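Residue numbers (this note's numbering), protein chains in the order written: chain H, 1 to 218; chain U, 1 to 162.
There may be inaccurate statements among the hints.
[To be verified] Okay, derived cross-link-like pairs now, DMTMM-like style, lysine to aspartate or glutamate, Cα gap no bigger than 20 Å in a straight line: (1) H:K27 / U:D55; (2) H:K27 / H:D40; (3) H:K95 / U:E31; (4) U:K3 / H:D40; (5) H:K119 / H:D40; (6) H:K63 / H:D22.
[Said to hold, decoys possible] These stretches of chain H come out as covered by chain U in the derived footprint (C-beta under 8 Å, 3 or more residues): (7) 88-99; (8) 187-194.
[Stated by the list, open to error] Counterexamples of contact, computed for chain H against chain U with all Cβ distances above 12 Å: (9) F23; (10) I31; (11) K65; (12) I85; (13) L109.
FYI, nobody ran anything at the bench for these hints, they're computed from the structure. If you're wondering where the values come from, they're calculated on a predicted model, not measured in any experiment. Every residue gets a Cβ at the ideal spot worked out from N, C-alpha and C, and that includes glycine.
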Amino acid sequence: MAVRVKRKKIDQDTVVVMSEMDFEIAKQVYIRYNEIGLYDEEVSFLLGKPNKYVFDLINPSEKDKFKTEQIDVLPTILNCKIRNIIPNNLVANQKIQVRATQSMVGNKLIFTYTTKIGKGELTDSETFEKTILKGERKKLHTQVHDFTFGLIGEGHFSSPKNALELYLLYKEHVTQSFRPADLQKSLSDCMRNQGEKVAVLKRTIINARYHYIASEEV
Amino acid sequence: MKKISFLSLYVINKVRLLRLVHGLSSRTLSENSGLSSGYVGMVESIKNNGQYPPDVWPMLAESLNSTVHELLPPESIEQNSTGDLIDKKVLSLDNENDIDLVLKTMIQYSFFDTPKFLTDVIKHLFINEHGQVKLLENSLNKIVDLNVLSKRENQYFKELPI
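Please construct the entire structure, taking both the sequences and the accompanying hints into account.
See below:
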């Protein structure tokens, strides 16, 4: 199906100064989740955060970056070693100036940015992009969803569970390939009241992370 | 007890270990790292869940003559963390195992390549409690018994190869 390319919309430059370490970690996370084929929403889900969370941290024009407790779980999510995410050769207290522009081309949000480390030279511009998926209704992954109901029946959700520990558990037991988004869809479906269908799970926040627990209404 | 992530706690304890080994007070390390003078003391306290954010790791590493990667858990103990928080148990000179670790690391960093009195070690580690002095002395004597250090005329030292 042909996609009509919308006219390019460009926002003004933003200039942000941040710690080089924070910037490099965000960059390495972006590189890594793209390498392994995850969407940023899936990384957010596994971190126990709202869908937009990782995208906002990766955004080069935003100062907020990953916290230590999130870096703690990123190697598990990204299937790598912590030293793949954390650079070792940065100058102490080095700041980086990031000048970024964002534009919308078709369904892609593109950030173009240049950086300047300390008093150094401006780098060549780099881009990072995100495909905005609109209007797609994800189908339930049958085996994943069946496994969810099995766990609910066994009382697995009598205590709160975070998305990452669930994802690791499902990877051990679900034989068909699936994505974190499939697990997210399954859990979301279980949290929805629809007609005669009653939510069997609910979501709660513990230590600033979403957790899933059996609904009391069941 | 306060709870923090495994990675946060590992970095806190590694920084504290290296700080003690290098004979730096928490205030000195804070100031050398360009941080406020009470910063390191605050993070090392078990009364709060303070931790080191990633942007200060390079400063701490430089002040400790180390690298950022040396502050991180080695691959051999890297865990597939799912983010469960653990008790903030900071390395303590009230704990025999922790003192053993500090002394072992001091040996690796050549502190005992020149002979040291017990009082030198006490001063180096900023120890001022009698219980900690006793523990320290016991640990040193244990290390002597294991022939890792020697003791002569009340001085502890590492026998260097000829």
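Against the structure, the hints:
no.	hint	verdict
1	H:K27 / U:D55	holds (14 Å)
2	H:K27 / H:D40	holds (13 Å)
3	H:K95 / U:E31	holds (19 Å)
4	U:K3 / H:D40	violated (28 Å)
5	H:K119 / H:D40	violated (32 Å)
6	H:K63 / H:D22	holds (9 Å)
7	88-99	holds (count 6)
8	187-194	violated (count 0)
9	F23	violated (9 Å)
10	I31	holds (17 Å)
11	K65	violated (8 Å)
12	I85	violated (10 Å)
13	L109	holds (26 Å)
Consistency with the previously given hints fails for numbers 4, 5, 8, 9, 11, 12, ordered from lowest to highest.
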